[in-house]
Amino acid sequence: MATYAPQPGSAPWPRKVFAHSRMEFKLLVRNGEQLLLALVIPLGLLLLLGGTGLGDRLPLGDGPAIDQAVPRVLALAVLSSSFTSLAIATGFERRYGVIKRLGASPLSRTGLLAGKIGAVLVVQLIQLAVLIGTGFALGWKPTGGFNAVFGVILTVLCGTAAFASLGLLMAGVLRAEATLAAANLLYLLLLVGGAIMTPVDEYPAGMQGVVRLLPSAALANGLANSTVEGVIPWAAALSLALWAGVLGYLVSRTFRWD
Amino acid sequence: MEIDNLVVRYGEKAAVDGLSLTVSAGSVTAVLGPNGAGKTTTVESCEGFRRPDSGRVRVLGLDPIANHEELMPRIGVMLQEGGAWSGVRAVEMLRYVASLHAHPLDIPALVERLDLGSCGRTPYRRLSGGQKQRLSFALAILGRPEITFLDEPTTGLDPHGRREIWQLIRDLRDDGVTVVLTTHAMDEAEQLSDQVYVVSAGKVIASGTPDSLTEHHTKSLEDVYLELTAPKREN
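Chains as they are written, first to last, in the UniProt record's numbering: chain A, 1 to 258; chain B, 1 to 235.
Bear in mind the hints are in silico, worked out from the structure with no lab data behind them.
Nothing here was measured: the structure is a model prediction, and the numbers come from that model.
Wrong hints could be hidden among the right ones.
Estimated spans, in silico, between C-beta atoms of each pair [stated by the list, open to error]:
(1) L189(A) - S24(B): 56 to 64 Å
(2) N35(B) - R22(A): 36 to 44 Å
(3) W234(A) - E81(B): 48 to 56 Å
(4) R170(B) - R30(A): 34 to 42 Å
(5) G32(A) - S24(B): 36 to 44 Å
(6) G87(B) - L58(A): 49 to 57 Å
(7) L228(B) - D258(A): 24 to 32 Å
(8) R256(A) - N35(B): 32 to 40 Å
Straight-line Cα separation of at most 20 Å, SDA-like style, residue types lysine to any residue; simulated pairs [as the list claims (entries may be wrong)]:
(9) K141(A) - A206(B)
(10) K26(A) - I153(A)
(11) K132(B) - G97(A)
(12) K26(A) - A206(B)
(13) K26(A) - V91(B)
(14) K26(A) - G87(B)
(15) K132(B) - F92(A)
(16) K132(B) - R74(B)
(17) K219(B) - A206(B)
(18) K141(A) - I153(A)
(19) K26(A) - K203(B)
(20) K141(A) - G53(A)
(21) K26(A) - R9(B)
(22) K132(B) - L27(A)
(23) K26(A) - A201(B)
(24) K132(B) - R95(A)
(25) K13(B) - G26(B)
(26) K203(B) - R9(B)
(27) K26(A) - K219(B)
(28) K26(A) - S86(B)
(29) K26(A) - C119(B)
Idealized CB from N, CA, C, for every residue including glycine.
Start from the sequences and build out the full structure, keeping to the hints where you can.
Here it is, written out as structure tokens:
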């Protein structure tokens, strides 16, 4: 006979975080729109730019189109998983009362945050594997060896911190529908106007000063500098870390748990 | 659990306006009142979602805001609505929440008891109102809490489902779980609770055992409630 006699207690922190990451990852894989954003769009863009010759006629930067296309499409992929997907998912979690339920569970706030970041990083690993694999298949020749690998990891992590903060900030202050609209809009605006696909130097002189400061420019330039020039992009990482610091602070002040 | 002179305002309006109540361990306590009386806000203050503008809340001797992380594993919460991802399957949700706890209840037994077997693989958004309600109840007791807060636990259930939930609440109490439930169903408060607090406009306007409130069942709790709440609502 079952007993309901109280025996409360929290699971160990790593188990809770793992359970949460797993849950978010499963839900994302089940969601067609999220998959489109995370994989189909970046992959399609990479094939278009690197496989059709279109990249040679667009202002991607100097050198073979595929060498520029891979890091820039990686930047777009990071933007979609760490910012757009996260913002939309979190916005609807609040709408559906999930944030509230978890706020009254043993998961804890740090556990929720860590679980979300864990899920984003797993998605990014898959994105990187698919896009880098496709890049090599299309003749991508990165330079830099260790510097390139370290530079990519550093830039992806700093970029994720900055853009995840931006996503959580949006999801924390806007309604779910407004978050959905704004996150998609910003994704498109940054893709075209935020130096993701086109280097800062290609923008009109008057805009360059502003565009250069955007986190999207730092993310794309950091990845391009790592793999095209083989340098560790400390300036881009610092810019992203500063964005992460400021946005993270705003999240901690504004995020509502109900 | 103790609430002492609690005030919670939303802007200018006080949703809870000087409310005090005490819940003794191992009892079933009903917070009864019309919609908008401040029942949910009161319960949410106990769960740490609302910061009191004044007054004091202690649950298991802990402050729900200052000692939030210490308190959460020890309580169970049934929200009035929602609380699950739209795409999550019912049993998947149970497994997930169980994995957050150290000694969760046996999931198959709980699924059987709450008649969730037929919809275990159904995404949350396609569950019926009653199934959502029963899943939400399951989530509130899954972690084997010392005290569980049930916000309108039987709203939207058919009579059969209601009786099942009532019996389960009695079983919880018999096993030593403290139950705090909000309801606007008189019969529910009358049938289940050891102690009833009638709340209106953010204040307790009457309290006692169902027996004393109904003057040894010479009137129904509904009459008592209507008498108590009608003049207040004309203001």
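Hint check against the structure, violated hint numbers in rising order: Numbers 5, 6, 8, 9, 10, 12, 16, 19, 21, 23, 25 and 27 - these are the hints that the structure violates, sorted from lowest upward.
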